[in-house]
Amino acid sequence: MTTPPLDGPRPKGRLRWPFTLRIETRLDSPRGLATWVSIGAIGVALLLGALVLRLVGGDPWQAYGHIARAAFGDLGVFSDTLVKATPLILVGLACSVAFRMKLWNIGAEGQFYMGALGASVVILSGLVPESASRPVTLTVMLLAGMLFGALWGLIPGWLRARLQVNEIITTLMMNYIAIAFVNFFVFGVWSEGGFQMTATFQRSAWFPRLSDFADQWPGLRGLTTHFGLVLGVIASAIVWFLLYRSRWGYEIRLVGDNPKAAEYAGVNITRNTILVMMVSGALAGVAGMSEISGVVHRLQTAISPGYGFTGIIIAWLAKLNPIMVVPVSILFGGLILAGREIQPAGVPRLIQGIILFMLIASEVLLRYRIRLVRVAAEG
Amino acid sequence: MDPVVILHAGVASGTVLLFATIGEILAERSGVLNLGVEGMMLIGAMSAFSVTVSTGNGWLGLLVAMLAAGMLALLHGLVTIHFQADQVVSGLALTFLGVGLSLVLGEGLNKAGAISLLPVVTIPMISAIPILGPILFTHQSVMVYIGYLLVPAVWFYIHRTRQGLDLRAVGENPTAADAMGLSVQRLRYFYVWVGGLLAGLAGGTISLAISPGWFSELTTSGQGWIAIGLVIFAQWDPFRAALGSYAFGALRRTILDIQGPQTLFTLRNPFFYNPYLGFFLQMLPYAFTIGVLVLGSRAAQRKHLGAPAALGLPYVRGERGH
Amino acid sequence: MERIPPMTAVPLAVEMRGIVKRFPGVLANDQADFDLRRGEIHALLGENGAGKTTLMSMLAGLYKPDAGTIRLRDETVSFRSPRDAIARGLGMIHQHFTLIGPQTVTENILLGMDEPRFLLKLRDYDRSMAELGERFGLQITPTAKIWQLSVGEQQRVEILKMLYRGVNVLIMDEPTAVLAPQEVEELFKTLRAMAGEGKSIVFISHKLQEVMAIADRVTVLRQGRVTAPGILPAATTKEDLARLMVGRPVLFAVDRKPVHPGEVVLELDRVCADNDRGLPALQRVSLTVRSGEIVGVAGVAGNGQREMADVITGLRRCTEGRIRVHGEEVTNRPALRMIQIGVSHIPEDRTHVGTAPNLSLTDNLIMKTYREPPLAKGFTLDHKAARRKSVSLKAEYAIQAPNVEVPTRQLSGGNLQRVILARELSLKPRLLIAMQPTRGLDVGAIEGVQRLLLDQRDAGAAILMVSEELEEILALSDRIVVMYEGEIVGEVQERDPALIGMMMTGGKRAPSEGRAA
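Residue numbers (our numbering), protein chains in the order written: chain P, 221 to 599; chain U, 430 to 751; chain L, 5 to 521.
Think of the hints as simulated: they come from the structure by calculation, not from any bench. The structure displayed is predicted, hence computed values, not measured ones. Note that CB positions come from ideal geometry on N, CA and C, so glycine has one too. Hints are supplied without guarantee of correctness; some may be wrong.
Incomplete in silico selection of chain L near chain P, CB under 10 Å [stated by the list, open to error]: (1) M342; (2) G346; (3) T355; (4) N368.
Once the Cα atoms are required to be at most 27 Å apart in a straight line, the calculated DSSO-like pairs of lysine-lysine come out as [to be verified]: (5) K432/L - K372/L; (6) K193/L - K539/P; (7) K322/P - K480/P; (8) K480/P - K372/L; (9) K261/L - K480/P; (10) K193/L - K480/P; (11) K322/P - K372/L.
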């Protein structure tokens with residue numbers, strides 16, 4: 221119930237415009253409005269991006285066309301897009317889960333790296349012998365990736381739950397620490413011939429990929445989409461199930477919406493904070509492991525062109541819905557893939573930034589409604 | 430590992446953090462959290478360098494840097510104050526925007542510039558004071574001296590002027606401030622903008638004075654985020670901000686220098702013999718930031734200090750009466 | 005009640021005539037008249053929702069009346085904002101102070117003033133503030149920070165703020181609600197001093213005792229209407245005032261079967277607790293509720309009822325004393341435990357505590373039951389069962405919404421309450437804590453809810469009901485206790501609204517059990 225404002229703006233002068241704009245809180249949410257608003261926001265973002273490109277002397281339409289072709293033009297590039305989308309799905313899920321509880325996990329990038337490290341450690345340390353079978357090897361790598369990622373999420377989660385330390389900054393700092401940590405192993409401990417990478421892992425540590433089956437189906441030749449995508453889709457289903465069909469997911473959503481009501485309902489917020497951060501970290505860790513096993517097959521620097529941060533945008537664009545994360549990730553995967561060839565180098569990042577900005581700016585349309593109201597003559 | 434050298438460099442690079450931290454302090458004191466500092470700093474660095482290289486005027490470059498970053502800050506203000514979007518996400522979006530924009534617009538910028546593009550000054554007489562002289566007043570960029578003056582000036586502004594009183598009121602209790610006739614929105618816009626100006630100044634200081642040149646993202650390498658953490662450590666006070674900033678600057682220099690000598694305090698220097706340990710040194714500033722946050726949170730809880738009470742919360746003129 | 009003939013020689017400081025004010029769904033002031041003489045302390049008496057604050061808010065410039073006139077010393081005025089009003093010498097001190105915690109007294113007083121424009125010579129102003137305080141007998145330390153001050157001292161700062169701005173008519177809204185007894189005395193001394201200097205004071209309150217002690221004249225409001233215009237306290241009695249405040253009960257045609265209370269379900273044994281500000285809110289409260297009975301807690305909101313509900317349901321720490329449910333010691337057990345042993349809670353704050361605004365109707369309805377079968381199957385939530393349950397609850401409790409998927413923030417206040425009732429009552433609780441169960445509902449719905457409560461009682465539930473509506477308390481309760489200033493001031497045997505009204509306002513204490521030692 222809102223009290224009408226004390227005084228509307230008084231029209232000045234003789235000419236009285238008999239209407240006034242009144243901004244009211246929206247009481248209903250027309251079906252599909254959210255989707256249209258999001259699409260509209262992206263549209264505006266792309267236009268703005270085009271403007272900037274034009275300013276720098278580039279040809280925006282050529283750039284966009286190139287992106288479209290380079291990402292979705294034929295089966296081969298689409299396959300590459302899916303490869304890029306795979307870690308994005310997982311990181312997007314990681315962010316979605318945390319954001320659902322209003323835990324701002326900006327550390328998906330670091331958790332990604334730690335997951336990659338974990339997966340690599342079990343191979344490079346010899347824990348998993350070269351002779352082990354592929355399923356065993358991959359499973360151990362997966363578990364290690366999840367574990368390392370979960371640990372990396374646990375630390376800021378605990379600090380937030382117990383000491384009320386702001387998780388935005390702690391997770392962010394952990395990113396830098398993780399990257400330095402991984403670098404130590406890459407350059408120092410396991411460096412191959414002094415280069416910035418370790419030795420290539422044995423075949424049993426590689427995810428199966430489509431091109432492995434090219435003998436049977438020649439059409440699959442050269443397609444690099446790997447098993448990680450399957451993991452991503454499975455994870456998306458699991459997260460959906462967790463959030464909407466499990467008791468724990470219900471608690472997460474409840475705490476995220478109204479912590480006081482959650483308290484009233486008897487939910488343990490401290491425990492949930494820690495657990496959710498661990499799950500979020502684990503998911504990002506799987507992304508890291510997937511990149512190791514599916515793409516680079518060794519530990520190296522710069523495994524991630526900022527997946528962790530893109531994941532934030534993906535989560536927001538998908539409105540924290542685990543199913544929507546998949547198509548959105550594919551979209552962004554295409555952007556990242558094609559963006560590598562675009563000059564200037566910052567364009568994909570810029571467009572991502574504009575998109576996110578327009579998205580949050582557009583949310584105001586979901587909360588308020590502008591109406592043209594006839595104003596009675598002033599008494 | 431000369432302490433004088435370390436502290437000297439510490440003050441120099443700490444000045445960058447100082448500007449950014451104080452800018453964010455002002456914004457947060459008014460109640461608005463702006464996480465986009467990294468993006469604003471980068472835009473500042475890029476524009477300062479670009480303008481200076483083309484016009485030859487470092488001061489003009491700084492001015493443009495400040496205004497560019499200020500504009501970004503105003504965008505954040507619009508979205509959070511008027512549209513009441515979530516301040517956290519908006520700040521993150523601003524970071525992406527700022528980083529992306531500076532990379533795109535800075536494309537092709539000549540990366541040259543090992544010499545400072547702004548005057549480097551030694552103050553006569555004072556620089557002869559033992560210990561402090563060589564560190565603080567000898568051969569420091571003019572920006573460092575600006576930093577020295579800025580700290581007490583901002584303190585004075587916050588605590589001894591009417592405007593500072595209004596600033597504090599708006600961030601602590603916007604309802605009360607509104608009731609007393611202050612325009613909460615207008616003040617918040619202003620201080621968010623000022624925060625942007627200072628972040629731009631910080632960026633310009635890097636690319637023109639401290640590490641002259643343009644090195645894409647490495648120009649700032651996360652200092653914007655460290656500044657945000659320092660704000661909490663500083664408990665929103667300019668003097669503590671200076672303490673933290675200079676300490677961090679010194680830390681960064683220490684990290685560089687510690688790998689040089691063969692012996693460290695008469696013991697075998699592990700960092701010399703195993704250069705890969707340097708990566709752990711790289712972690713230090715970030716680990717320290719976390720430590721600083723933990724300390725800051727506990728101190729706040731203990732001493733009844735802490736963030737401006739309305740920080741991060743959008744202000745809506747509420748329902749009156751019942 | 006005698007009417008004092010107006011002293012026509014002296015112009016009234018304030019004259020309000022025929023004031024009408026409407027808010028969506030409620031008529032807050034109905035043709036109210038009010039006048040204030042120079043140098044008098046005039047009390048405005050009434051229950052919560054009687055319209056006192058609204059009436060004075062218009063005087064203070066916060067609202068404009070829908071009808072009626074306001075005159076200041078024979079001049080008709082219309083305020084556009086509180087600043088306007090203050091410029092004309094009218095200021096209001098609200099129940100919730102507008103002070104900035106980490107700032108000093110002087111800084112708070114200076115906030116929002118035009119002078120000084122830039123430099124704050126705090127030391128000089130500190131001295132001025134101290135002098136101003138002395139003039140009116142207000143002891144303050146200008147350099148103290150607000151958070152360091154006691155509530156009484158903070159109130160003095162608020163008063164000084166007004167005096168500094170040259171206010172001549174000071175309106176104080178429930179000033180003693182947050183004060184300790186000694187502080188009340190201090191305040192009264194201050195008010196008398198100010199009146200002596202020619203300031204006029206309006207004292208809004210629901211506390212009879214204090215009104216009788218301090219006021220020169222009293223105006224009583226009930227449901228937006230003036231029931232007693234500016235009468236002399238000496239010319240009336242507490243009983244009369246109570247009746248004017250509270251009115252006659254309209255006994256609903258609710259048939260309450262005679263009660264056969266069973267065993268003791270809830271026991272509060274000298275329970276103490278603090279409020280959100282850290283001040284004591286419950287003072288050694290002792291209470292029992294048996295199964296099959298409704299114990300009604302009468303009292304004006306803000307006298308500890310909320311803290312009592314919180315303590316029983318595990319949402320607040322009890323600092324002293326014991327709580328037992330069915331003989332089981334549950335003092336300071338967590339909320340989850342209380343839910344598990346069958347305690348239901350209809351909270352006072354529907355939107356911020358009772359529901360999750362962006363979650364669906366279904367999600368809100370299962371808040372207490374999701375941990376147990378049939379809704380819980382292992383780790384999962386059986387969403388089909390949840391939906392079925394919520395559809396049936398929606399029908400049973402007549403919740404008006406397009407479907408069960410809508411987010412509850414779209415529901416009206418009354419419907420939100422229905423959601424909460426549906427959720428809590430359908431649990432067939434052994435103990436139900438019901439805070440303001442029918443607030444905001446229309447008459448038909450109120451009847452329905454009361455019927456539901458009685459049904460629960462007949463089924464053996466023990467119900468502790470807190471309500472501001474005395475009629476409701478009288479109609480539904482098997483036993484009635486009255487709360488005032490954090491204590492149970494007594495259990496009422498005779499259902500006399502005047503008596504209860506007096507107890508609610510501190511006028512009388514019943515010599516019975518329930519009173520702490």
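Below or equal to 27 Å on CA atoms is what counts here, so check K193/L against K539/P.
Distance ~60 Å between K193/L and K539/P Cα, so the pair is violated.
Between K432/L and K372/L, does the CA-CA distance stay at or below 27 Å?
Distance of about 12 Å is within 27 Å: holds.
Given a cut of 10 Å on the nearest C-beta pair, is the interface hint for M342/L held or broken against chain P?
Result: holds, 8 Å to nearest chain P Cβ.
Hint validity - G346/L Cβ closer than 10 Å to any chain P Cβ
violated (13 Å)
Decide if the proposed pair is consistent with the structure: K322/P and K480/P, CA atoms, cutoff 27 Å inclusive.
Between K322/P and K480/P the Cα gap is close to 13 Å, so the pair holds against 27 Å.
Hinted pair K193/L and K480/P, Cα distance within 27 Å
violated (41 Å)
Is the hint on T355/L kept, meaning its closest Cβ partner in chain P is under 10 Å away?
holds (9 Å)
Return the status of the interface hint for N368/L: holds when the least beta-carbon distance to chain P is below 10 Å, violated otherwise.
holds (8 Å)
Can you confirm whether the C-alpha distance between K480/P and K372/L stays at or below 27 Å?
OK: K480/P and K372/L at ~14 Å, within 27 Å.
Does K261/L pair with K480/P here, judged by a C-alpha cut-off of 27 Å?
Given that 27 Å is the threshold and the Cα spacing comes to 38 Å, the pair is violated.
Decide if the proposed pair is consistent with the structure: K322/P and K372/L, CA atoms, cutoff 27 Å inclusive.
Since the Cα atoms of K322/P and K372/L sit roughly 22 Å apart, the hinted pair holds (cutoff 27 Å).
Violated hints, listed in ascending order, are 2, 6, 9 and 10; each of the other numbered hints is respected by the structure.
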